[in-house]
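**Student:** The task is to assemble the complex, starting from two chains supplied on their own in separate frames and drawing on the hints.
Sequence lines, in order, name chains A and B.
Going by the working numbering, the first residue of the first sequence is number 44, and it counts up by one from there.
Going by the working numbering, the first residue of the second sequence is number 1423, and it counts up by one from there.
Worth flagging that the hints you see were computed from the coordinates, not collected in a lab.
Where a beta carbon is used, it is the ideal one built from N, C-alpha and C, also for glycine.
Heads up, some of the hints might be wrong.
Said to hold, decoys possible - Below, a list of computed lysine to aspartate or glutamate pairs in the EDC-like style, where the Cα atoms sit at most 20 Å apart: (1) B:1538 / B:1484; (2) B:1538 / B:1551; (3) A:113 / B:1444; (4) A:113 / B:1454; (5) A:133 / B:1477.
As the list claims (entries may be wrong) - Listing some non-contacts, in silico: residues in chain B with all C-beta distances to chain A over 10 Å: (6) 1514; (7) 1515; (8) 1587.
So you can see what is in the structure, the chains are spelled out below.
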Amino acid sequence: MQTRDSIHSPLTVWLTLVVATGITFFAGEFEGSGPAGRWLVIGVLALALFKGSLVALHFMELRHAPAVWKWSVLGWLWMVVLGIAGAYLKGTA
Amino acid sequence: MSRSHSSSSAAALPLPAALQGDIAVWIFLLAELLAFGVFFLAYAFARARNPALFDAAQAGLDRQSGLINTLLLVSSSALVAHAVAVVRRGGGNAARQGAAALLGAIACGLGFIVVKGSEYAAHFAAGMELSSSTFSMFYLCLTGFHFFHVVLGLAVLAVLWRQTVAGVYRPGDLNGLESGAAYWHMVDLVWLVLFPLVYLMH
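Just chain B, with the same shape it has in the complex (with noise of 0.2 Å):
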């Protein structure tokens, strides 16, 4: 029904009807989500207690590389979209396209483990520890289970590609790719709402 207005243009895309992916993904996914804001929340409500050792400690963060982290994950985020979106169109080129989308999207998310990563060099070389402070208690272990996501994420875009890449991917047979695609947007989602809550609010 939906699927079918689209067969007659190259420019529209079939419209999804339902959740996009395996339900077993988006289980697992909601408990992520679940995870990650009972983080949030309890590092807003221990920041309550004692704003004023947070803001300093905050203060010696890298915004900068916090907003370079933001605009890396959502584009790579955007290029996994397209790449669902030109193999759902289908097309002699949609693998090709689809392929080159997600290797976009795996040199992003690189691009946010080394940014990431000399972050932590830094902090690691100006002494921080998990038990330096509250704040660099909740900082490590909330960015760290972060970062492990991205990890994780990227082997899942790499599985991605090489599926993608080998054409197992067809319109109206892409359960795989939409549920990898949407376990990366939901790290892209979590650190849209870390980023603003650890490195800028005060």
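Bound-form chain A, shown alone (with noise of 0.2 Å):
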């Protein structure tokens, strides 16, 4: 419980958040064409995933909130990335 909740959490969350930036911005500058492009897309999409579903539920604290709220925000989350997913796979096809 301390180490979950502890005043250090923004801190470890905040070194994700910049780790997975990083592997970002990389995949991003190594993005390729046909299946490899495909693959890269979704691998930055899928962080960019992973790093809006860590703002929502440690900064945003909704972790600790009703349900309907943190589905709200991690719902829009998981539909703007599967509707951008699905435009650019479209696009590449």
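**Tutor:** This is the structure we're talking about:
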């Protein structure tokens, strides 16, 4: 309990976000075409989903919020990411 | 109940058991998210109709600036989360530490404004206009809409800082701080989708 909700929690989440941002940036640099490009699009969007969920659950503190609020924001994130993925995969097909 | 366990330990925080902040602010945040979501999907599907145009125009963007701004916003968000945590914990230094964290968050936000502003200056110097292309229309509207939210968020953070310095927020009585923090995190959350979408994915 103390570890999960300690005063250092924002620091841990921040470090994870910084690392994930670095990976996102370099994945964007090396995006290719064809199947490799499609997998990189999926990877970059998966990272956006991961980072967005961290912000929503930890910084916005929705992990303790009633499910309707938590899933309103997480549901928005999933809908947006899946919609973008659909558009991009259609565009590269 | 869940708040009581932490009083015995300085390291543990009170566990918020409900939505943090004002419910009206959260309804506003959801509306904002919906607006950004529609924008993102419109961009993605417009790009699907003309990927070559979007990819060529995107290649002219400064990805390093986008990366720096992402790091600035996540750092700012983390500092605001830290400020909420220390004020919620309470203690003699809570107001001072919380205010310092908010000041750091404001500095990061101002950094975002400077970096994004210099990007806009370079675009406009190069002749970019709303009507230049479908990409420039989307790029300027989408990032401009977000930029406006950053400016508004900085004004909110300035008010939170002043109130925190004045000792207005206390453990169990920090609804205003939590509401403003939620708004700033929303601005960060939106950018975490915007950055890969507009700057990186092709």
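**Student:** Take the hints in turn and mark each one as holding or not.
**Tutor:** Here's how the hints hold up against the structure:
1. Proposed proximity of residue 1538 of chain B and residue 1484 of chain B is supported: the alpha carbons are some 10 Å apart, at most 20 Å.
2. For the hint pairing residue 1538 of chain B with residue 1551 of chain B, the CA-to-CA distance comes to about 16 Å; that is within 20 Å, so the pair holds.
3. As the CA atoms of residue 113 of chain A and residue 1444 of chain B are separated by approximately 15 Å, the hinted pair is consistent with the 20 Å bound.
4. Between residue 113 of chain A and residue 1454 of chain B the CA atoms are separated by roughly 16 Å; this keeps the pair inside 20 Å, and the hint holds.
5. Using a Cα cut-off of 20 Å, the hinted pair residue 133 of chain A and residue 1477 of chain B holds, with the two alpha carbons roughly 15 Å apart.
6. No Cβ of chain A comes within 10 Å of the Cβ of residue 1514 of chain B; the nearest lies about 15 Å off, and the non-interface call holds.
7. For residue 1515 of chain B, the condition that its CB be more than 10 Å from all CB atoms of chain A holds, with the nearest at approximately 12 Å.
8. With a least CB separation of 20 Å from chain A, residue 1587 of chain B remains clear of the 10 Å interface cut-off, as annotated.
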